[in-house]
Amino acid sequence: MTLLDVTNLSLSIGAFPILRDVSLSVDPGEILAITGESGSGKSLTALTILRLLPNCTRLSGHLSLEGQDLLALSEEQMCDLRGRKIGMVFQEPMTALNPVQSIGDQVMETILLHSSATRTEAEAEARSLLDRVGLPAERFPLSRYPHELSGGQRQRVVIAMAIAMRPALLIADEPTTALDVTTQAQILDLLRDLVRDYGMGMIIITHDLAVVADMADHIVVMRKGEVVETGSTKQLLATRRHPYTQKLFAASNHQADLPPPVTTDPQSVPLLEVRNAVRDYPLPRKRLFAPAEHMRAVDHVSFALHRGERLGLVGESGCGKSTLTRAILGLEPLQGGEILLDGSPLSGKGLTAEQRRKMQVVFQDPFGSFNPRHKVARLITEPFHGVSDAPTGQDRDNRVAEALIAVGLNPEDADRYIHQFSGGQRQRIAIARALITRPDLILFDEAVSALDVSVRAQILDLLAELCSAYGLSYLFISHDLHVVRSMTDRCLVMQKGQIVEHGQTEDLFSAPQHPYTKSLIAAAPVLPDLATGAA
Amino acid sequence: MPPIQLEIGNFSAFARDRWRPLWTRARRPPNLPLMGRYFAKRLLSLIVSLVVASWVIFFVIEIAPGDPASFMLGINAQPDTIAALRSELGLDEGKVTRYINWFTGMLQGDFGTSYTYRTPVAQMVADRLWVSLPLAIYALTLSTLIALPAGIYAAARRGKSGDIAVMGATQLGVAVPNFWFAMMLVLVFAINLRWFSAGGFVGWEAGPLAALHSLTLPAIALALPQAAILARVMRSALLDILGEDFIRTARAKGLSQRQALWRHGLRNALIPVLTIIGLQFSFLLAGAIIIEQVFYLPGLGRLVFQAISARDLIVVESVVMLLVFAVIMVNFLVDLTYALVDPRLRGRG
Amino acid sequence: MTRSLFLGGVLSALVLLAALLSFIWTPYDHTALNIPAKLQAPNAEHWLGTDHFGRDILSMIMVGARTSIAVALVAVGIGMGLGVPLGLAAAAKRGSWLDEGIMRANDLVFAFPSLVIAILITAILGAGAINAIIAIGIFNIPVFARVTRGAALSLWQREFILAARVAGKGAARISAEHILPNVANLLIVQGTIQFSLGILAEAGLSYVGLGAQPPVPSWGRMLADAQTMVSLAPHMALVPGCAIILTVLGLNLMGDGLRDWLDPKLQGGRA
Amino acid sequence: RDTVTVALQLEPPHLDPTSAAAGAIDQVLYSNVFEGLTRFMGDGSVVPGLAESWEISEDGLTYTFRLQDGVTFHDGTSMDADDVKFSLDRARAEDSTNAQKALFADIASVDVVDPLTVQITLSQPNGNLLFNLAWGDAVIVAPESIDTIKTAPVGTGAFTFTNWVQGDRIDLARNPNYWGETPALSAATFKFISDPTAAFAAMMAEDVDAFSGFPAPENLPQFEADPRFQVLVGSTEGETILSINNKQAPFDNPKVRAAVAHAIDRQAIIDGAMFGYGTPIGSHFAPHNPAYVDLTGTSAHDPEKARALLAEAGLADGFTTTLHLPPPSYARRGGEIIAAQLAEVGITAEIINVEWAQWLETVFRGKNFGLSIVSHTEPMDIGIYARPDYYFQYDNAAFQDLMAELTGTTDPDARTKMLQQAQEIIANDYVNGFLFQLASLSVAKADLQGLWANAPTQATDLTAVSWAK
Ligand SMILES: Nc1ncnc2c1ncn2[C@@H]1O[C@H](COP(=O)(O)OP(=O)(O)OP(=O)(O)O)[C@@H](O)[C@H]1O
Ligand SMILES: Nc1ncnc2c1ncn2[C@@H]1O[C@H](COP(=O)(O)OP(=O)(O)OP(=O)(O)O)[C@@H](O)[C@H]1O
Ligand SMILES: [Mg+2]
Ligand SMILES: [Mg+2]
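Residue numbers (my numbering), protein chains in the order written: chain A, 2 to 536; chain B, 1453 to 1801; chain C, 21 to 291; chain D, 75 to 543.
No false leads were mixed into what you were given.
Only pairs whose alpha carbons sit at most 30 Å apart, straight line, appear in this in silico DSS-like list of lysine-lysine:
1. A:LYS225 / A:LYS248
2. D:LYS321 / D:LYS441
3. A:LYS497 / A:LYS519
4. D:LYS329 / D:LYS379
5. D:LYS159 / D:LYS224
6. C:LYS113 / A:LYS376
7. D:LYS379 / C:LYS58
8. A:LYS359 / C:LYS113
9. D:LYS329 / D:LYS491
10. D:LYS321 / D:LYS491
11. A:LYS497 / C:LYS113
12. D:LYS321 / D:LYS175
13. B:LYS1547 / D:LYS441
14. A:LYS376 / C:LYS189
15. C:LYS58 / D:LYS519
16. B:LYS1547 / D:LYS224
17. C:LYS189 / A:LYS359
18. D:LYS519 / D:LYS543
19. A:LYS519 / A:LYS235
20. B:LYS1493 / C:LYS113
21. D:LYS175 / D:LYS159
Since the hints were derived computationally from the structure, they do not count as laboratory data.
My request is simple: use the sequences and hints to build the entire structure.
Here it is, written out as structure tokens:
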């Protein structure tokens, strides 16, 4: 008997249809992956199963768990079911736990709620659950509070809560998106083991096709609230009947068509040179008169970037990538070392106008990097500030149009506001802003991390085109190994503020030397080679 | 997009989150300063604040035109009489000397002697506190007892008629000037119905019940507008919390909406509520001036008011200083209670 | 919640209209005493009755609206004029001594009992509308400084500020060009709220005789005049009381409505 | 019932009637706790107090007082001539803080003849001495109690002080050892209610039995109509005047002062500000005094004439001045009406509301004002017009001579004549705008009897108060 059966489920919120005729089923012990672009209705499908929906929703179709019709249950009956029969793990471990309750209490709550266990029994049970998810008693007593744990550890607590009653069905909505690659691998392993141990059915929601391929028995691909394709993993990966599925996989595996690197003379003056850069952040004093302590975010980093070169920088979240970017941009002072642009050092007082013209940046967040109150023309000409020979009048308009055309937008778009653009278009505008001064060097700090796979593919293509057209040099910062691999010629690996390895990108990925690089590459889920089935 | 009323607010939080860069999401570090240092710093700034406040108070109040001696002696007094009184009161000394005397005196618990009443200010203030403090506490209790349930009720029934009714009432409560409300209370309950006396304070020696009875109308007049504010804060704090991810987690565990609100929402919502309660307490202590006037209560507020018109500057200075001290202390205590509520502030090391 | 915006807008507009109308027309001269006609209940000639000097209450309410609006508006102006730059400066120099100084000074002002200080100020400077404005305005400064700083701090974290810094713009320029327009909504909302509080404060000060001085009518003073006559001529207390309540209610509803309408949290990403 | 709760508007700052001007002290203590050699009665007459009788020497310079026998202070010590000498010497001493030191100005010495006889020698004859000694500022105090007199007054009166809850009330209890007639009340409480609304409410709610000096005349008709209450309307010594700064232009021109006087409609002010309570006056003199002459005609309401006078003074277009108003409602309300009346003849009076402390500073001492409204409540105070440095700065040598002569005159008829002459001089000079005699307004329970209706001095004499059976 199937564990969960969803047939022709439709959902609308207010007047907006959100889900249309969604059908899927999960068997005990089976892992079902739901994937699709952002906004395709993956999360709402999960919440519908839990019946945790807004009030003014309209729901139709059939939804049953172990043969029991979920849509016919009252709210009290649903409460009884949630946590006991269905467990749920959410995406955001940092906020999924109540900050003012100890982790023990929060895990125990599920047990106390659904069984007649006494407090002591529940405590013992919570303890063994935490042990099971890899939070041993010595280091993680029940009295710990969430803020004392890292993201991965919190996610383990959430999982412990979800499996406390050995639910028949476990739903995990993007359980690892917010985590580092290495942590992600551990959490996914844990989930897989739990499903096997307890014989649970699991729905894992993720937009990461590599994860899907790695974990799932069955796959459901969603798009705009509809299921476009479904099937067993092996079969679906092989055939990929629906064009959308094909597109999705193609985009995930996208290989931008990067022009061959310009050969540069290693003896020439590098465009950008970083020598022994050190950046310390003061930590709050422990006691009033204790000596000030420091957090070393960038630790004696040195590298050089030559004209025409495309350099990558990878590393886990928090390893100091953005800090380094900010230091290069002259936004933060260094505590040691120096940074040279075209052979001339950056002064401690920020960059000169000329240096600024030569170096531009594209940030991660397509939604936060523009002032919502200004029009596009004003936004992208901002880098002209302080440049002595900045074009004016008609000239300026031409430059704006030129930049917009270069990134594949219309010159008329100069008159629109930023909220009128999609995320991908915004990132194009951000690139246009970086191009407008015709810089020698562009820094991309996680410039595609926040984008959907398909949009990301477009942007990567755009960068490749720009490289052929303008011979761009850039520093490409990302945590995504796949992207870095496809976009750079040379690559640096950063760990805890230090560069632990560097070399030609291809060499580095195929034969990593440093253990950290190795673990990074090993942890990153990869799509199986799909060349055979590709249309 | 037309506004959609949501039962569990997490959807809008959700939708909002989408626009937040994925990679910054995970990094919301507590980054809270460690406890000991936190309070050492708070304590230091508390002391600095008090000293600065004492300068401001003294020198601002001293520039007020008007002379306590001539006020006391009236229009037929002769100049030499006034001079005699001024020297008797110590008013002929320099401002700085008087400041130093006043400030060092205060450190030893001596607030000086009232010019007009000729009794120790500390004694007078203590007497008045026996009215003002219970009144403030009474009003605060009333307002908390009314506001918290009302706020919780409204938050739990967000968007429904109960919520709209409570919020409408609080809008009205915020808009009513409390002195006007006091006038109406007297008119109805004291003059027409004669359930309460129109004012005055029977004193604690008349028994706690009688004393509370005589403070009831003023406490209500003070409490209702405050309750309206507090209820609004309670509601919006709860709604904010109800939009948090961990409420969704709790719901997924099988807690009902109500259970999630009580077990997980309330304690988290307490911080803004505590802040407001702290502010209101200090406000009630000092801000009852007009109400004390309407109900002719012998409280601190009226003492300052009379002292200002009599130019009994030392009383004004000391009471204002005391009030500032109270506000700063209350804020400090509220900060301490935060730590009780929120383990993130407790720290380990 | 466009409903509350609408209701609040209508109420506020009504008051504003009455105040503006009073410049060109009032039913009677609001200063004209007519002692034989004193304490009349609302009737056909005097729609809202007359006061203890036989003045027409409707006319006084209309002109009084002017006083209330002017006092509260200028007080909010003072608060914004000083508070917003302070808040912007504090946010721009986050963590510096300037920030620390501004915030501590704010706390200090907050710690003073506002009503007592207002009474003191008017005792020092003399009673009158101008001094009431100063007294109310001073306490508006930290409110705006705080709101501005809070909002500005989170804006300073946004990447578009980083982009402006990359372009070499200084803190002052960024504050004016990028921060201010983005906190404007919040300031408008806070402004409406402070405005309504200003009206209440003016009424309170006038009630104890420290606000606008005769012959300038003021709602608070009308209430003060009415207080001993509540039982004789209840309309004298009810009319200005309701005027205050409705105005404050209107402004608060408008502020709430505006807040929802301009919800800063929904800005930036949403069409 | 033999206890009573009387409400008063103002609370005494402290309890020493001999070292502050606050009438509130006398309101509570005069005649109840403290007594002087002579005393005022409710009708304004001066009768023997602690002095049983006295003799005045031919030349009017020596007064010999015979004291009541067997009088003791509340602390049990006996009251004798030494205490009288002590009290009077303390009041007139160099470093005295007595607010009415002028009362004792003519006393050259006070001598103890025997324990029950005191002799006061004057430096010049003073027909007012017995009257002066009746003031609250001239009461006899116990030397031993001086240090604590401000909080624990010890007197000889029919009531002893028992308790003071500052900001709220003062309690008195019957003095069992009183030398005179034992009062009917066993205890009395004075409650202080400054707010007029609260006063009305407290009375209506029967929180208090009587309110002496009821602050809101508009509420009196309601009390009159209510069978539970009685309203006592009497006269006070308070001449309410629109004081004019006689040295400030344009008021240094008598025509302008006359114009102001004619612009004022007294009846409108009495009706509008006092709700009809108050007697119009035309000079600075109390209507109940036998020497009173009605001079209201001199400054009758006549806006036409006022405008004409202004034109004569070269101010046809009017002028602007200030009107400083102290807190009492007669001033604040009266001020609004006067400002409106002055506006009718073209004078713009800018109203400045001030507190008493500020009034004393700017108006009284600084003489920095144009117009002001004050009730001069000191009894028989027409003499202030003889003081050129007094705040309204009236300087008329003829008047000053007349006053000097009056002080030396003891013959009643001659005194009356001179007083009438004095009234006419200041009325014809339009020194100030003379408005009305302040009424003494009290409300009491209907069956409370023996309260003073008039207020010849500020006092709430409880010795004769009792409840009707
Ligand atoms: N409370 C809500 N009110 C209105 N629309 C909503 C609400 N919550 C979600 N939606 C809309 O429903 C659609 C599906 O949302 P859902 O969260 O299920 O997407 P998703 O596939 O999980 O995307 P992501 O990968 O970004 O999490 C989206 O277009 C979203 O904007
Ligand atoms: N202003 C600051 N004060 C103190 N510490 C900081 C500050 N900014 C960053 N850090 C710390 O410095 C380290 C490096 O941060 P950085 O932002 O450079 O990381 P990152 O590699 O860019 O990470 P991500 O991939 O998440 O963007 C982190 O541990 C971070 O907590
Ligand atoms: Mg989702
Ligand atoms: Mg980064």
